[in-house]
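In the order they appear, the protein sequences are chains B and P. Numbering-wise (my numbering), the first sequence opens with residue 3 and increments by one. Numbering-wise (my numbering), the second sequence opens with residue -9 and increments by one.
Simulated from the structure, these hints should not be mistaken for lab results. This structure is a prediction, so every number in the text was calculated from the model and none was measured. We put the beta carbon where it would ideally sit given N, CA and C, even for glycine. Hints are supplied without guarantee of correctness; some may be wrong.
Unchecked claim - BS3-like cross-link-like pairs, simulated, lysine-lysine; straight-line CA separation at most 27 Å:
hint, chain 1, residue 1, chain 2, residue 2
1, B, Lys119, P, Lys191
2, B, Lys76, B, Lys119
3, P, Lys191, B, Lys144
4, B, Lys122, P, Lys338
5, P, Lys83, P, Lys16
Unchecked claim - What follows is a list of derived Cβ distance ranges for each label pair:
hint, chain 1, residue 1, chain 2, residue 2, range
6, B, Asn123, P, Thr1, 26 to 36 Å
7, B, Asn123, P, Val141, 34 to 44 Å
8, B, Phe151, P, Gly120, 31 to 41 Å
9, B, Leu129, P, Ala301, 28 to 38 Å
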Amino acid sequence: MAALEQPTPQPEVLLAVEDVTLSFGGVQAIKNVSFDIHKGEIRAIIGPNGAGKTSMLNVINGFYHPQQGTIWFKGVERSEMRPYVAASQGVSRTFQNIALFRGMSTLDNIMTGRVTKMNKNIFWQALHLGPARAEEIEHRAKVEEVIDFLEIQHIRRTPVGRLPYGLQKRVELARALAAEPELLLLDEPMAGMNLEEKEDMSRFVLDVNEQFGTTIALIEHDMAVVMDLSTRVVVLDHGELIADGTPDEVSANQKVIDAYLGVAHD
Amino acid sequence: MFYRETGQYRTDYASDQQILNLPQDKWAMALLLAVAFLVVPLLINDYWANAILLPFLIYSMAALGLNILTGYCGQVSLGTGGFMAVGAYAAYKLMTAFPGLDLTIVVLFAGFVTAAVGTVFGLPSLRIKGFYLAVATLAAQFFLVWLFNKVPWFFNYSATGMISAPARTAFGLEVSGPQAPIWAKYLFCLTLVTVFALIAKNITRGRIGRMWMAIRDMDIAAELIGVRPLWSKLSAFAVSSFYVGMAGAMLFAVWLGAVEPTEAFGITVSFNVLFMVIIGGLGSILGSFLGAGFLVLLPILLKSVLVGGLAMTVATAKHVELVLLGSLIILFLIAEPHGLNRLWQITKEKLRLWPFPY
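Pulled out of the complex, with its shape left as it was, chain B reads as follows (with noise of 0.2 Å):
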C-alpha cells in the first residue's frame, strides 16, 4: 500500500498569535511570542511563576490589547476588542482565582455564560411570555445538559457561594462550557486540588474535547497533568517563548530545564 501514501493532512490552526508583544509601562510580561493553536488540541501553556502565561490568555480573549503583533482567529486578523467580542466570536475562560458570581445560583451562573446566545428584548421579558419564555426553556435544556456532562445536578439550587472550592472550579467549568465555545481557555483548572479532584477535572476536560470537539488551550502548573493531558506544550519564561512541541520534546529541551530548576539570567 506504499504507493497510495497520502500526505498528512496539514492541521488546521483555529488561533494564531504573530509576534505579539505586551508591555505595562517598563514591564513586557510578553516579548515577541508567536505559536498557534489547532483545531481539536489540547494546547499547554506553561512556564514558572510571572512567565507571561495568564497575560497571554488575557491577550487571546480581548481584554489586554497588545502593543505589536497580530492575532489570526479563525483565519481572520483580529482587530483591537473587547471582550465580549470576542466571547460571542467563540472563546470562552475559567479563571485562576474563581470568579463565579458569587450571589446567584448554580443554575444561574451557568444561564449566565449563555448570554451571548440569548437576545430577547426587554418588552418580552418583562412579560415573560411568547419568545422571552420559549428562549429560556430553550436555553435551560441546554444548560442541563452541561450539567449533567459535568454531574452537578445536585448544586443546581445552590447559591455558588455556599459550595467547596473543587466543585466551584467545575461550576465555572460549566459556565464556560454554557456558551459553547470553539476556544476555551483554562486558566489553572487544578490549582489547589487534591489528587481525587485533579483526577475528576482532567477526566472532564478529556471529555469535553473529545465529546464536544473543543479546542482547549490550558495553563497548569501540575507537569504530570500537563504531559499526560496536553497534545503540544507552550513554554514562556519572562515573557519569552523558550519551547514549543510535544510533550517529550519540551521535556526534554534544555532551556525548560534550566528555566524550572532555575539558572541565573545574564
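For chain B, the structure is supplied; the task is to place chain P on it using the hints.
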C-alpha cells in the same frame, strides 16, 4: 395542611421556572391579592390610606426601583429623591399641559422621562464604582432639586414655587385632586405597583437580570464571558429610574397632591429608600415591599406607643422615634445583614421541615 413540597414533581422546565412553584404559595398569593383588591377598598378610610397604605405602596415602588439598581446591579445610588422629583415634575407638566390625559399614561410617561434622566446620570458608573459613584449620584440629587426650585417653567411660574395636582382621571375614575375618592386612589396605586412588581420579577429572573447580577458580583468576569458592561449598567439605571420616576409621580399626583421639592424629594428621601432596600433585602423583589412596609409602619407604631401609651409630648416622641429607628436599623444590620427577605426565606425553610428541627 403542611407546607411541603414533597410529592410535588415538576416535570418540565416551564413549570420549574414559575415564580411560585408550590400550590400553597400560589394560594397564599391569590388570597393576598384578593384581599388587597377586593376587601381593603371596602374598608378603607382616610387615615389608613394616607398614613399607611398609599405611602407603603408608593415607597414600595421606589424601593423596587432602587433595588434593581443597587440590589441587582450593584450600583449604589443616593439620587433616588432627585429622580422621584423628576417623575413628579414630569407628571405635573403633563397633567397641566394635557388635561384630558389618563393618569396612567401620565405616570408611565413620567417614568420614561425619569429613565432618560437617570441614564444620563448613570453615565459616570461606567468609570467609577462604589462610594465614588454614590457621590456622583448625590450630585444628581442636589442638582435636580435645585433645578426644580430655580427654573420657574417647571412649576408653571406659580407664586409659591409649589406644584399641586389638578383632578385627573384614570380609566374614568377620578384619582387625583382633593375630590378623588380614597379607594380609587388606593386601587390606582395598588394596580400599578402590582403590575410593575410582576414586571420587575420577570426582568430580574431572565437574561437581563442575570446580566445585572453578573456585573454586581464580578464585573470583569462578566465582561469576559460576554456581558456588555456599558449596556448592562445603563439599562439598570434606566429601568431603576423608570420605577423611581413612577413612584415620584404617584407620590405627587395621588398621595400628597401638592409638593415642594426641597422637602418632599430631599436627601432624606434618598436615604430612606436606601434603608428600605437594605433592610428589606438587597436583590429581592419581596424585600423591597418588606423594607418599605417596615420603614413606613415602624414610625407610626412607635408614635402611637410613645404618645398614646407613654403619654410623651409629640415633640419628644419625634426625637425618641428618630433615636429608636436609627438604633433599630443598626441592630438589624448586625443581626441580619441580608435583610427581612432572608428572614422570610429562613422561616420558609424551617416551615418545610416542621415539626422536625432538620
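task: Could you work out which earlier hints the structure fails to respect and list their numbers in ascending sequence?
output: Failing hints, ascending: 4, 5 and 9.
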